[in-house]
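Asker: Below, each chain spelled out in residue letters.
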Amino acid sequence: MEVLTSLGHGFAVAFQPLNLFWCFVGVFLGTVVGVMPGLGPAATIAMLLPLTFSMPPTTAVIMLAGIYYGAKYGGSTTAILLNVPGESASVVTCLDGYQMARKGRAGAALGIAAISSFIAGTVGVVGLMLLAPPLARFGLSFSSPEYFALMVMGLAMVVLLAGKSMIKALLAMLVGLWIASMGIDLFSDASRFTFGQSELLDGVDFVIVAIGVFALGEVIGNMEKRGEGTMLPVPKGLRNLLPTMAELKACRFAFVNGSIIGFIIGVLPGAGSTVASFISYGLEKAVSKHPEKFGTGVPEGVAAPEGANNSETGGAMVPLLTLGIPGSGTTAILLAAFILWGLRPGPLMIQENPDLFWGLVASMYVGNIMLLVLNLPLIPLFAQILKLREYVLYPVIFGISIVGVYAVSSSLFDCWMLAAFGLLGYVIRRLDYPSAPLILGLVLGDSMERALRQSLMMSQGDLGILVSRPISATMLILAVILLCLPLFRRANAWRVKALEENG
Amino acid sequence: MAQSKWIKGDVVSGAVLAALGAYIVSEAWRWDYSTAEGPGPGFFPTWYGIAMLVLALVLMLRTAFSAAEQDGKTTDWVGIGRALTVWAAFTLCIVLMKFLGFLTALALLTLFIVAVMYGRPLKVALAAAVGNAAGFYLVFGLALQLSLPAGPLGF
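Chains as they are written, first to last, in the working numbering: chain A, 1 to 503; chain B, 504 to 658.
Possibly wrong hints are sitting among the right ones.
To be verified - Straight-line Cα separation of at most 20 angstroms, SDA-like style, residue types lysine to any residue; simulated pairs:
#1 225/A with 615/B
#2 225/A with 601/B
#3 601/B with 655/B
#4 511/B with 561/B
#5 497/A with 478/A
#6 293/A with 283/A
#7 225/A with 628/B
#8 225/A with 655/B
#9 626/B with 396/A
Simulated from the structure, these hints should not be mistaken for lab results.
Owing to the predicted nature of the structure, the values given are computational and were not obtained by experimental measurement.
Isolated chain A (complex conformation) (with noise of 0.2 angstroms):
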């Protein structure tokens, strides 16, 4: 009944005009990168970020929020036209979404991925609504050391980021740690890594680093090639975007799928859209009918995979919005924008921020429905942004980028130093280390260090206060747990290798 109450206040505020108007521009917005190949919600929501510091907290994050969820639905798009994922979670969309757009069923694709997208993404903030409040409450009975162990585990998270190699990540997040501690020291008057340069003594701009890694690497990197694909003709007017029945009953199964395996895996940190919609698709397979044809064009095979990565989306709000752990790159830039606005995503953010928390939540609903609105009659229309230019776009990347540095300082240091991040996100591409684990240093570095001095100080240097206390002794086990899985999984590997060879 609470939280019944708590959502109708959450429903004001997301009505207010303002705030609607930002939610549309947001799942608008996250539409069109969604579209984009090469520009992801990260990207985005870093570049626009320093625009929406004149804007009150609650209508930017549900903008930002807009953007995040948008970038979803609008990914599977060039998916189905292009077999070109525009969204790292698309990828497995591609491989029926296009086989059915090749057999002319493109209208149906799309609006299969629309609806499975509507139904899911409303399941994802369900979950988010009912879980949130009791795990923020649990949070409550933390001090310094309970979040030293949970800033902890949330790099421990790391290993679920980590990609091809677990040294690169845990190098790319040292990294992060460094560049977090530079500037003036908490506790102290000492200046950490600041080269002598007094524009450092405030620390690097978090959006600077997020711009730099994400947009400008990326964009730097897309154009080491310059291929473009080909794309399948869009089919207009609404009829040819809706699936038949037998269509619609034949993914049943793969709405209620993909709804609570992305919700799911999107409350563990680390995991990700592209996990979730991978394994909705796997299980989506295993128990069907038919699994010799998936990968053919079966309409479920577009339903399961884009079901899970828009219910992904609420499930990844619960940790970053109750624990201030972010699960990935666009959420921990999603945290970084809390704080530059002042607010502390954790336990006590929905006590303290009830108009944020719930006007946010209701906003999804609400972005949810202007995005099923936008995507069934207006695919035609957006497909259109496929046939832009690169050449014209990344200009337009490269302006906003400085733009958003320049507007947050008014300096030219920071934009020196835009640079030179790009520089770093482009190399840290190039050579295959993961840009999310460095952003999860640098967003928890601070925060994780103030914890672990506060709590040596609680214990006069003594460091048994970290495992003498259940709570932290338990999430301090589980990092390790975490830390430690990429080495069961190679003995496991070096064990069946073994097994097979001894016949």
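Fit chain B to the supplied structure of chain A, relying on the hints for placement.
Answerer: Relative to chain A, chain B alone:
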């Protein structure tokens, strides 16, 4: 041609990160490791610096002494050259911003990208450059009233 395993990206990046780790530790030793109240400013950097040094050495040595000398991938130096050229042009744009103003510098960057990097006709490149600068002026200068570096011509 086979690439020497000593100049592989992982070895070089490992060496750079090992040097960074060593630098972090050496800097951290200049600050208090602990104070009467608890850990000092050198405490945290010492530990993550050591971790960085160790992990970077592991990465470097593991790659250098791995059995597989060639991973079958060839390095796309042309692509890398294109990317670094764009980055250099972007950096030059920031330098020029101070003297020519943001809009002119951005127009020049756009001109370079369209004409040189994408080999489009000069007319197209000029139209893109002017259009991009005008768009930024309308959105950020006029509509949002953002203060951007101005050149001798006042924009």
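Asker: Taking the hints in turn, state whether each one holds.
Answerer: Hints, verified against the model:
no.: 1; hint: 225/A with 615/B; verdict: 16 angstroms, holds
no.: 2; hint: 225/A with 601/B; verdict: 31 angstroms, violated
no.: 3; hint: 601/B with 655/B; verdict: 10 angstroms, holds
no.: 4; hint: 511/B with 561/B; verdict: 14 angstroms, holds
no.: 5; hint: 497/A with 478/A; verdict: 28 angstroms, violated
no.: 6; hint: 293/A with 283/A; verdict: 14 angstroms, holds
no.: 7; hint: 225/A with 628/B; verdict: 19 angstroms, holds
no.: 8; hint: 225/A with 655/B; verdict: 37 angstroms, violated
no.: 9; hint: 626/B with 396/A; verdict: 18 angstroms, holds
Of the numbered hints given earlier, the model fails hints 2, 5, 8; all others are met.
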